[in-house]
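Protein sequence lines, in the order shown, are assigned to chains A and B.
Add 1 to a position in the first sequence, counting from 1, and you land on the number used in this note's numbering.
Add 2 to a position in the second sequence, counting from 1, and you land on the number used in this note's numbering.
Hint data in this document are derived by calculation from the structure and do not stem from the laboratory.
Just so it is clear, CB atoms sit at the ideal spot from N, CA and C, and this is done for glycine as well.
Some hints here could point you the wrong way.
Partial selection, computed: residues in chain A whose CB lies under 10 Å from chain B [as the list claims (entries may be wrong)]:
1. Gly193
2. Ile257
3. Gly281
Stretches of chain B that chain A covers, calculated by requiring three or more beta carbons in the stretch to come under 8 Å of a beta carbon on chain A [what the hints assert, rightly or not]:
4. 22 to 33
5. 56 to 64
6. 133 to 147
These stretches of chain A come out as covered by chain B in the derived footprint (C-beta under 8 Å, 3 or more residues) [as the list claims (entries may be wrong)]:
7. 50 to 56
8. 72 to 79
9. 172 to 179
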Amino acid sequence: MATQPGQSKDKDPVQLLLDWLSQRLERTIFMGLKFTLPKRFVSPLGFLGFLTFSVFALLGISGALLMLYYSPIVIFNTVTGAVTSPYDSVSTINNSIAFGQALRNIHYHASNAMVLLAVAHMFYQYFSGRYKLRYEVLWVTGIIIGILTIIEAYTGYDLLLNVRGMLAINIGRALARSTPIMGPEAFRLMAGTGLADLILRFYAIHVFIFPMIMILVMMVHFPRYLVLDIPVVSMVAGIIMVIGGLFPVELGAKFIPTAEAGITMPEWYLTGMYAIIRTGIDKFLAGVVIPMIFVVVFLVIPFLDTSKKLSVRDRPFYTAMGVAGLGQVALTTVWGFRANDLFSGLDSIPQLEINPYIFFGAVIFVGAVAYAGTYAWFKATAPPPGARPSHARKQFPIYKMTSNEWRAVVISLLGFQILFDIYSSQAFLQGFKNVLLLQIGVGLIAFGILVHLYRIGADSK
Amino acid sequence: MGGVSALLAVAPFAAGGQYLIPQIPTTFKPVLIAKKEDVPVNGSIVFWFPFTTDPTYTNILIHLPPDLAKQAGKEFVAYNRTCIHLQCLVSFLSGSGIIGCPCHGSIYRPTDGWPIGGPAAEIGRYLPNVQLKIDGDDIYAVNVNLDDIGYGNTTGPE
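The shape of chain B in the complex, shown without the other chains:
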C-alpha cells in the first residue's frame, strides 16, 4: 500500500524526464530538395533533412540507373547517410553502384538500403529510408524515422 502511494507520488516527477529527453516530431513539412534534372542518372546529391543541426541529418538522393530502377520499382531513392555501424557518413559510389562507408567499409544496396558487406552486414538492418514525394519535376523529402538514424530500420522501404 505504502509502496503504491509512494509510486503515485513520484510518478508525476518521472514525467519530467521529458525535459531531459526531448520529444521529436514524427511528421515534417515537405522540403523541396531537388529538381529531377539536377540529379543525372547514376548520380546522387546530398541534402539536409529534417534538421540542420547534425551531419547525421544529411541524406543522399540517388537517381538509380535503369537496371537498378527496375529492381527498386522507382527511379529516385533517398537514404539517411548515417552508417548503422558506428555513425560515419556513407556516400553513393556511382562507379560500383553501391553505397559505401569510408570508416569500416560497410556496403549497402542502393535499391533498398540493405547492408551487403562490412560490419553493417552483421548488424542486418536497412539504412533509414527517406520518403520522397515527386510532384511533376520537383522532388520533396517528406519523412524519415528519426529513431532509425544511426541504428537502422528493420522493415525497409515499402
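Chain A on its own, in the form it takes in the complex:
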C-alpha cells in the first residue's frame, strides 16, 4: 500500500501518542515552562537551582516512603524512666526493614546535598549579579526558599530524637523563649505544651507545611527557562547515593532524660550559628539577631546595587562584600566544630565556651582581609587602560568521536552494566546493606555518562 510521507498513517504509534499528549499539555501550566535539554556539556553552575530542585524531589520521594514506618510518638514512663520515642521507629527503619537503611541514607545525604546546592546556587547567582535588573523577585523568593530549606533540614534531623536532635531542639526552644517580646508565646508556638507536642509539630512542619510553602514560593521562583540536563541530574543523584553507600549515616545515641548528654554537634549548616551561641553572648542576639542581619543584608542588596553592571570586576564593592561574607560563613562554620582554640579539636566541655573577643575579632578580621584582598586582586589583575573588555567566552571545541570509538565506549559501558548486575544480585543475596545504595549510585553515574555520550555522539554524526 503506497503512502505519502508526512501522512499520519506513516507515523510511529508512540510518536502519535506523544504528539497527542503534547498538544493537550498546551492547556496546562506545564508548557509555560521552557525546558532546554542541552545537546552538549554546559556548566552545571548555571543550573544549580534546577539541581537543587531535583534533590528536593528526591527528598520528597524518599521522605514519603519513610513516613510509612516513622512514628512521631513520644511517651515518658515516669516510673522506669524509659522513653517511647520516634528513635525506636527510625531504628526499625534502619535495622530491620528491607531498603529502610538505603532510603534513610538517601534522605539524609540528599538533605545535605540540597542545602549545599542551594548555598552554592545563591553565591553563584550573587557573583553573576543575577539579583538585580528585574531579577529582584527571583532573588528575594530564593532567599526565602533558602531559609525554609535550612529550617526544614533542622526540623528533619530533630525528628530522630537522638542526643544530637535533642541538643538542637533544646537550643531552638531556648532561642524561641528568649525572644524579648512574646517570648512565652513564641516558645509555645514551637513547642506546644512539651516535647511530645514539639515532635508532632516538627513532624507536621517537616512533612507537609514547609514543603507546601516551599513549592508555592518555588512557583514564583522558577524562571521561565529551565535547563534539564539529564546526565548531570543523574550524576548528582548518583553521587548522593555513592556517598550514602560509603558513609552510611549513624543513628546516634537515643535520647534518654537520665543519661549524660556529652558533646554533640549540630549539622554542618548550623555550626556557624552554634559557634556564635557558644561565645556566651545574649542568646537572642547570637542565635536570631546576628543570623538575621546576614539574611537581611542579602535581601536588600538588589535594592542597593542598582547599577547596570554585571561583571564581578565592574562592581568591586558587592563582589568584595560577597567574598567577605563567604569567608565569614566558612570561618564560623568550621569554628562550630572546633574548640575555643580554633586549631584544636573539641573533646571536653570547658572548651565549648568560645572567647567572644577572639571570635568576633577573627570574624571581622577575616571579613576585612577578604574584602581588601578582593580589591587588591582586582587592582593587580586590572586590564591595561584602553583595552576593550572581551565578552567572548572560551569555547571548547566539540570533540568528534569516530564510530569505532563510539562503539568501544558503548560496549565497555554495557560490560560495566553486566558487572553491576552481578554486584547487585550479590547484594540481594547478602540482604540489602548499604552496598546496594553504592551500586545504585554508581549505576546512576554510569547512566549519566552514557546519556552524555549519546548526546555528543548524536551531535557528531
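Starting from the structure of chain A, add chain B where the hints point.
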C-alpha cells in the same frame, strides 16, 4: 478609616492564634510527690510535675542539710530541672551541696535556685521554683510557673 475597618475584620482571625499557641493552665491539682522519710537529709529525688510529656517537666525535691535549711528558712525546696542556659537537666550534687548542670557547667544555689557559676550566672535568673505544700508527712507539689521553665524566674522563691 479603611485601615481600621480592615483591622477589625482581621482581628477575630488573629484570635485563632490560640489554636497554634496552646493555652496553659496557671494552677494545678496538687500532686503527692513524696513522704518526708523518702528523702534523707542532704538527699534529693526527681519528680514529674505538672505534666509527663517532656523531661523539662522534671523537678528536684531537695532535703536541705541543717545549715542550708537555716539560710533558706525551710527544710524542703523544689526546683524545675531545666537549666536556664540551654535547657539541659540539672541535678543536686549532695557532695558539694550545689545544683549543677552537666552540659556547660552552670551552678545554682540550692537554697533559692540563684545561678552562682557557669553560663547561667551570666543570664542571672532564678531556677524556677516549684511551690510545695507539706501536709503532715506528705509533700505535695502545688504550682510552678510554666513560662519560667528553661528561661528562669526574676523574683525567686518567696
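Status of each hint after checking the structure:
1. Gly193: Holds: closest Cβ of chain B sits about 5 Å from A:Gly193, inside 10 Å.
2. Ile257: Status holds, d = 9 Å.
3. Gly281: 6 Å, holds
4. 22 to 33: It holds, with 4 qualifying residues against the three required.
5. 56 to 64: Per the Cβ count (5), the hint holds.
6. 133 to 147: violated (count 0)
7. 50 to 56: violated (count 0)
8. 72 to 79: Coverage by chain B holds here, the residue count being 3 at a Cβ distance below 8 Å.
9. 172 to 179: holds (count 5)
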